[in-house]
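K.L.:
Spelled out, the chains give:
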Amino acid sequence: MSLEKLLAKVKTDFLPASKNRIRDYVQKYELEGYFNEDVPEDYKTRFREGLDRITNEVTDNYSTELRSFLRTPIGKGSMALAVANDLSAYATTVPFHQVSILGLYLFAAKTINEVPAVLRYARKSKDWYGALGHMLLKPVRYLLPVLGPALESGAFERMVKRRVRKEIARKFVERYGNYEPLENRLKERLKEPLGEHVYVEKREEELVGV
Amino acid sequence: MTEDSIIKITIHKALTCNADENVKEIAKKLKDSKDRRIFVVDKQDKLIGIITTTDLVYKTLCDREKSSEMKASDVMVNEVKAVDLSEDFEKALEIMNELKTFTCPVTDKEKMVGVISYHELVNYIFTSLQK
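Chains as they are written, first to last, in our numbering: chain B, 125 to 334; chain V, 568 to 698.
If you're looking for bench data, these hints aren't it; they were derived computationally from the structure. Errors might be hidden in some of the hints.
Pairs of lysine-lysine, DSS-like flavour, derived with a Cα cap of 30 Å [said to hold, decoys possible]:
| id | chain 1 | residue 1 | chain 2 | residue 2 |
| --- | --- | --- | --- | --- |
| 1 | V | 613 | B | 326 |
| 2 | B | 248 | B | 200 |
| 3 | V | 575 | B | 315 |
| 4 | V | 580 | B | 326 |
| 5 | B | 311 | V | 676 |
| 6 | B | 315 | B | 168 |
Only chain B is shown next, with the shape it has when bound in the complex (with noise of 0.2 Å):
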């Protein structure tokens, strides 16, 4: 993987869910042979017209999952105060797991709040595995120092930001299939018998009664 495309990657996975940015990555590092530039322009507009389709039809769907009025600032706020609790006890040699008690219900409440929408999620993708090890993840992350917290914030909307790429991705090769330059099916059709594809006219006797 380049750098670029795990920048983007990155890019994608932690700042907001954004149908823009998740069209973007697909069509730059997943779907690229479709919209490279030996792909003509009327071509290109017509997989550009699809993949916004489907994109705002697997965000639509994942709309629940990926973004929450209230999963997201709990969530938010929990790892937080764990990061901050855990700079604190470097900072004062206070031992890291000694997490306020606030911190340990923010954490209940994030997860308490998560569990419906990663059922939701395992129901919609079939990603049971990837439900269960986000969940079975969660406590190790929690209780890995700073960096731990740090990634359990937002890795659920990251984990369904995956599946929505992959399902868009999916979906389009579903749809359009794989694409061919013109030249190449250009050349494929010339050899094809031309017995195939004719109609002969009839002649005047053949179309009395007709």
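Place chain V on chain B using the hints.
P.N.:
Chain V in isolation, oriented as in the chain B frame:
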């Protein structure tokens, strides 16, 4: 026009004559149909030659005395390049390109079927590729 003719390339019926047909009759056929070429076929409809208006002019007017007795076989060009239905589009385009014509005779196991036009062929190929 049937549904078939809309989505496929039309093979147009071609003007044909027999090898023993008189040139006068042939000239009349060409005049009536406002055509510039006539295909010569045998009894089994097998394509055996082609006569163009140029052939008629050059070969009959130069020998006026014999012209009234001349038959298609006397003025026709024997080697006719045609594309068979089992052959590909490329072959048809090759023939038209080689002969610098915009039509190509089509045969089915050597039997004359009709003619296809260059424009219809190219148009069909590109239209079908855009679908």
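K.L.:
Take the hints in turn and mark each one as holding or not.
P.N.:
Here's how the hints hold up against the structure:
no., hint, result
1, V/613 / B/326, "holds (18 Å)"
2, B/248 / B/200, "holds (25 Å)"
3, V/575 / B/315, "holds (16 Å)"
4, V/580 / B/326, "holds (7 Å)"
5, B/311 / V/676, "holds (25 Å)"
6, B/315 / B/168, "holds (27 Å)"
In the structure shown, no violation is registered for any of the earlier numbered hints.
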